[in-house]
Amino acid sequence: MNKEQLISGMAEKTGKTKTETKKIIESIFDELTSVLSEEKSFTITSFGNFSVVKRERRKGFNPSIEKFMMLPPKLKPRFKTSEILKEKINKNGRK
Amino acid sequence: MVENDDKMHIDDFAEKIAHENGITKIQAKEFITTLFDFIGEKLADNEPVKIYNFGSLSKKWMKKRKGINPKTQEKINIPAHYKILFKPYSKLSDIVNRKYRNLKPNVLDALLTLTGMTKVNPDFINAINNDTEKKSMWEKAKKRALIILAIILLVLLATLATLITIPVVMINENNKIVQYVNSINKIFGLDKITDRFKGEINEQEANEFFISAKTKLTDNRKIIGEYIVKDGDNIFNIAKEHWKNEYLWPDLYITNKEKIEDPDLIKKNDVLVIYEKLGDPKDFSKKQKDDIVYAYLGIYRIYKALGEAELQKGNKIKGEQRINDSKWTLYTAVRYDHNLLNKYEDAIYPEDREFVQQQIDKFGFIPAKKDK
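These protein sequence lines are chains A and B, in that order.
Here the first sequence stands for residues 1 to 95, numbered as in the working numbering.
Here the second sequence stands for residues 96 to 467, numbered as in the working numbering.
Straight-line C-alpha distance at most 35 Å; calculated DSBU-like pairs for lysine-lysine:
#1 159/B - 88/A
#2 352/B - 339/B
#3 186/B - 91/A
#4 111/B - 16/A
#5 311/B - 325/B
#6 137/B - 13/A
#7 59/A - 408/B
#8 76/A - 159/B
#9 16/A - 102/B
#10 54/A - 86/A
#11 363/B - 74/A
#12 124/B - 88/A
#13 102/B - 80/A
#14 339/B - 166/B
#15 59/A - 158/B
#16 91/A - 182/B
#17 54/A - 381/B
#18 178/B - 16/A
#19 76/A - 382/B
#20 18/A - 3/A
#21 363/B - 325/B
#22 199/B - 54/A
#23 186/B - 76/A
#24 311/B - 54/A
#25 158/B - 88/A
No lab work stands behind these hints, which were simulated from the structure alone.
Since the model is a prediction, treat every value here as computed from it, not as a measurement.
Whole structure, please, built from the sequences with the hints as guidance.
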């Protein structure tokens, strides 16, 4: 499912117009992005937890320039499935 | 890996969305819940959800595996299950990593000076690239050699067995298997070896211990910096430099365990992560006491395992020295928790327990005051 389908599906569910729905959905994910960029986490009880983890700087080898490099630290967005969603997706066993 | 504990509450989140879209907070909250429930439904139906400029979510099958509960250290079996896999798109990653955008990977020239090369030799690069390939070939060759050796040994054993079992069978038919095994063991001196290996520390168990110790020690602690190991450094001095107390070094070791195998052997240019000081030993809280004692127990284990490994290799002096170190480590730890020997009875070998008790009887407890 892409964003277009998500918008039309949500418009159907909430009874709002597609334009309205699109605006709200976009503002939700923009807000979520800015929450993550402030290194905060956000939990939706029935869905899961979005957070960022820090990868420390490390040594690596760049094969294209044939040099050893010290790679800078990196923040990685992460998602942890909530128990409720876990139950939901595991309800029917393996498909 | 550090996880940030700052949380955004759904109410605050909904308020912002409400404000931006001219709807009420309750409506916004309801919309958010419906949205994620809808995404959840789609995911449950095996349909991946792709959100432009944010990321993709999809269902992934995880095979069953073994794990440990970091709180109780119990071994648990994790059954096979589905989980949701989140892949952030590059736009999201870029925004999140805004504050690091000026940091570029640095070329490490130190390695060139170290190896004395003016530039990296192409052969050297090829060697690195082919390393994995060569390794697997080497592994295969080793396996083949081992199989051949095993066959030869089996043939030898079989001939020996026929020689030995004949008299045994004649003496007593019922006990023949036991006697047969015993006689084989005696011939090869195996009986002594099996006795000695009863003290060996299981590697997997030790690894699990270290993971739980690290979880304990890094829980809720801030990182205050990094330290690149120089020539002549040792882990005690680094602990003293940053925490003004060299006796806290086990903490430094456990929190950097994945980079250091042997506590007495840190490598130049290793980057150690320095957490904030655990606390002042004079007024440690109960949790801090537990944590430091746990770290010391880790050192006790690693010294013991390294000692056993040396003995196994046949280095008797080195091995016994290591095992001795492990006992003294325990005695050092007792000062933080006078009840340690009883509390961690299962984790300490009886002979070491006896040794530490003797030292306590002889010298008493080292006063915690001695820590600066």
